[in-house]
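A.B. asks: Listed below are the residues making up each chain.
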Amino acid sequence: MKFLVLISQVPDTTARIAFTNDNTQYDGNGVTWIVNPYDEWYALVRALELKEANGGSVTTITVGGADCDATIRKALAIGADDAVRVDAQPTDAYGVAAQVAAYAKDKGFDVVIAGKETIDHNGSQVAGMVAELLDLPYVPLASKLDMAGNTATVERDVPGGVEVVEVNAPFVISAAKGMAEQRIPNMRGIMAARTKPLTVVPAAPVETLSSTVKFELPPAKQAVKMIPADQAGQLIELLHTEAKVI
Amino acid sequence: MSVVVFIDTRGDKLPKAAQEALTYGKHIAAKLGGGVTAVTFGDGANLEGLGAFGATKVVVAKGVKTIESQQLTKLVADTATTEKAQVIVCVHDGTGKAVAPRVAARLKAGHVAGAIGLPNMDGGFQVKRNVFSGKAQAWVSITSPVKVISMMANSIPIESNGSPATVSDFGGDLGAARVTVKEVRKSGGGINLPEAEIVVSAGRGMKGPEFWAPVEELAKELGAATACSRPVADMHWRPHHEHVGQTGVAIRPNCYIAIGISGAIQHLAGVNQSKVIAVINKDPEAPFFKAADYGIIGDAAEVLPQLIAAAKKLNAER
Ligand SMILES: Cc1cc2nc3c(=O)[nH]c(=O)nc-3n(C[C@H](O)[C@H](O)[C@H](O)COP(=O)(O)OP(=O)(O)OC[C@H]3O[C@@H](n4cnc5c(N)ncnc54)[C@H](O)[C@@H]3O)c2cc1C
Ligand SMILES: Nc1ncnc2c1ncn2[C@@H]1O[C@H](COP(=O)(O)O)[C@@H](O)[C@H]1O
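Those sequence lines, one after another, are chains V and Y.
My numbering puts the first residue of the first sequence at 8, with every later residue one more than the last.
My numbering puts the first residue of the second sequence at 649, with every later residue one more than the last.
Honestly, the hints are just simulated from the structure, not real lab data.
Owing to the predicted nature of the structure, the values given are computational and were not obtained by experimental measurement.
Don't take each hint at face value.
The list that follows gives simulated cross-link-like pairs (lysine to any residue, SDA-like), each with its CA atoms no further than 25 Å apart [to be verified]: (1) Y:K938 to V:H247; (2) Y:K661 to Y:S835; (3) Y:K960 to V:P235; (4) V:K112 to V:A210; (5) Y:K961 to V:E244; (6) Y:K776 to V:T219; (7) Y:K938 to V:E223.
Just chain V, same shape as in the assembly:
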């Protein structure tokens, strides 16, 4: 099996969210960048487990500038065989998907795995778009992935429950919680990552269909109204009569 894992770089989950240039750009000053948790904990680790069990290869792909190389090396340290970076600044989800599809279309990948969503864009878009551009089946929000030969059995979250589905490779899948357990890279992995291939490929021409024009931060909260613990029932009354939400 040839796996292609989509890896994106996002601000650390504790990073300060602030904007510059009249609220048109994220302020990345002093921010630590990490591999998007869904990509790292679930998509990448499950691909590695399946490769370790059945053979094959795991390649990662990232659309972004040279500033992504450090997070890409982290994915290599966890165990990916090689990495590709498409040298393009992501514009919108379609732009990312079109770059991934342009690279992947004639490479014969059996399984293309992305994370469920990025924790900065929260789109859950890229993987579905890649599937459409490559004309492949797509199983989003998968919490379990098993392979027997060419056939995958997948559990996925759907409104109101979980579905068990079957699909034959090649296909695209997005990974949610449950698919694997996080792996911490060890020293050997980190050393090996330094010499693993990270190929930079030039961007394909891609249209921009949408763009973020302005950010807003949520309005600041009013001071909290405290209720004594021995009169806790008041909370229910206040939620009913004052806040009018129950």
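Following the hints, put chain Y with the ligands in place on chain V, whose structure we already have.
C.D. replies: Positioned in the frame of chain V, the structure of chain Y with the ligands alone reads:
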């Protein structure tokens, strides 16, 4: 100049998010001066009834019973093309996430995922959406002729004053299913968390799964869904689909009641768009109080029975 709204109508009750999506589409269609065509699949009952929420026409692919993304993408994209739709509205849930991005890529349409309000169509076409797991919002401008919007649940008040819609079967070829469903496991009969207007949530402060009965009882009295923090799901005290936060479900109910949850930044990310937040924690220094509208410093074991009693009293009075 029409609007196509893609919804999942399977099951005996039309999901609240589907009603919202239709209302959402109706408002856009009114601005564009066109009608709303609802697109759906499977054998959901009372499709004429979708007219109440704004659909003038309903197109249904009865033969498709499951969320097969390629077949449904063809269904939605072909209908949108036939109807000359300028805007396609989906729900940002497990069904919409399988279909909306594909439809967008197929039609080369800009796609806004996770919209939290109606688009601003004065001059351009801008949609507000959640970013950074709810820690901020962004206005996204779509520049392509066709536009796809996936709407978050609880983004618009439902309106249901329309007249019955005309229903027709989709006549085109949707190709063969390449993803086959082997088994479906329903997750209880409770209230669907992303759509819930009231959520009662509890964390590691509860000490163990055996102490969840009062949490569930309070939720039941309030007609609320239950949720939990990440460690609680990780330790299997509660099912994973209840895990809210940056790496769980993001919700925006009217009322979020958090019991024994510290309020870590990753937890807040998924819940801080709740209209009103009430926090019960025995530690006065718990960071959650800074994000709360109402707070009680106290032990869950002492506070919960009082809340349940008060909720019962309220229910008896109304
Ligand atoms: C990358 C990353 C992603 C994450 N994503 C998420 C996420 O999506 N969602 C999430 O929830 N967390 C997430 N976390 C974890 C997060 O950082 C916190 O560890 C977690 O939210 C803490 O859960 P908790 O509040 O239930 O537990 P604790 O932090 O242990 O807090 C328990 C609270 O209960 C109170 N308490 C104890 N006993 C009682 C009592 N008898 N009565 C009342 N109160 C009591 C304590 O004072 C304390 O404040 C993430 C972490 C990382 C690193
Ligand atoms: N710039 C990128 N490069 C590579 N993969 C990406 C990029 N952005 C997003 N992805 C992948 O697509 C998934 C969904 O992203 P999103 O649609 O932004 O929520 C992520 O979890 C990644 O696996």
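A.B. asks: Please write out, lowest number first, the hints stated earlier that are contradicted by the structure.
C.D. replies: none
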